[in-house]
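Novice: The sequence shown begins at 2 in this note's numbering and counts up one residue at a time.
Read the hints as simulated data drawn from the structure, not as lab findings.
Incorrect hints may appear among the rest.
Between beta-carbon pairs, the in silico distance windows are [to be verified]:
#, residue 1, residue 2, range
1, Asp-38, Lys-138, 31 to 37 angstroms
2, Lys-48, Gln-75, 20 to 26 angstroms
3, Ala-41, Ile-95, 28 to 34 angstroms
4, Ile-25, Asp-69, 30 to 36 angstroms
5, Thr-27, Leu-47, 18 to 24 angstroms
6, Ala-110, Glu-82, 32 to 38 angstroms
7, Asp-96, Ile-25, 17 to 23 angstroms
Every residue gets a Cβ at the ideal spot worked out from N, C-alpha and C, and that includes glycine.
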Amino acid sequence: MRILGLDLGSRTLGVAMSDSNEKIATMKETFRFEEGDYDAAVDHVLKYIDEYKIKKIVLGLPKHMNGDLGEKAQLSMEFKEVLENEREIEVILIDERLTTVMALNTLKATGANAKKRKSKVDQLAAMNILQTYLDQKR
Numbered sequence: 002m003r004i005l006g007l008d009l010g011s012r013t014l015g016v017a018m019s020d021s022n023e024k025i026a027t028m029k030e031t032f033r034f035e036e037g038d039y040d041a042a043v044d045h046v047l048k049y050i051d052e053y054k055i056k057k058i059v060l061g062l063p064k065h066m067n068g069d070l071g072e073k074a075q076l077s078m079e080f081k082e083v084l085e086n087e088r089e090i091e092v093i094l095i096d097e098r099l100t101t102v103m104a105l106n107t108l109k110a111t112g113a114n115a116k117k118r119k120s121k122v123d124q125l126a127a128m129n130i131l132q133t134y135l136d137q138k139r
């Protein structure tokens, strides 16, 4: 079974997917949508669920550095609820603090220019979120 990893932003959705053995996460894409149009993001995820027969999703939960949950965390929790209501699927929330920073640092280290970093950062963050989950599962 493949697992989907998601990094939800206000205008982008980073998407990653595991291999069929649930060991390695790979980047898939950054889906862009109108600010706040989470319905479009849900519809996009539903296509992945249907096409790849996804039964589990790992969704980043953006906590504040002190561990508190803010507005963005609430959006992730609502996104989780909508996905679970749309399909029979398990959505696991995982702490995503610093995943975007890690992704940016990784891209800088590879010499990616600013445009390339911007286009890849969300999917790399999604991959980090998913890989963290896969590693914890072992």
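Novice: Hint by hint, note whether the structure agrees.
Specialist: Structure-based check of each hint:
The hinted range of 31 to 37 angstroms is satisfied by Asp-38 and Lys-138, whose Cβ atoms lie roughly 32 angstroms apart. The hint said 20 to 26 angstroms for the Cβ distance between Lys-48 and Gln-75, and at roughly 25 angstroms that hint holds. At roughly 23 angstroms, the beta-carbon separation of Ala-41 and Ile-95 lies outside the given 28 to 34 angstroms, and the hint is violated. Under the hint 30 to 36 angstroms, the C-beta atoms of Ile-25 and Asp-69, about 32 angstroms apart, fit the expected range.
A hinted range of 18 to 24 angstroms for the beta carbons of Thr-27 and Leu-47 is consistent with their spacing of about 20 angstroms. A hinted range of 32 to 38 angstroms holds for the C-beta pair Ala-110 and Glu-82, which are about 37 angstroms apart. At about 21 angstroms, the beta-carbon gap between Asp-96 and Ile-25 stays in the expected band of 17 to 23 angstroms.
In terms of the numbered hints stated before, the structure departs from hint 3 and from no other.
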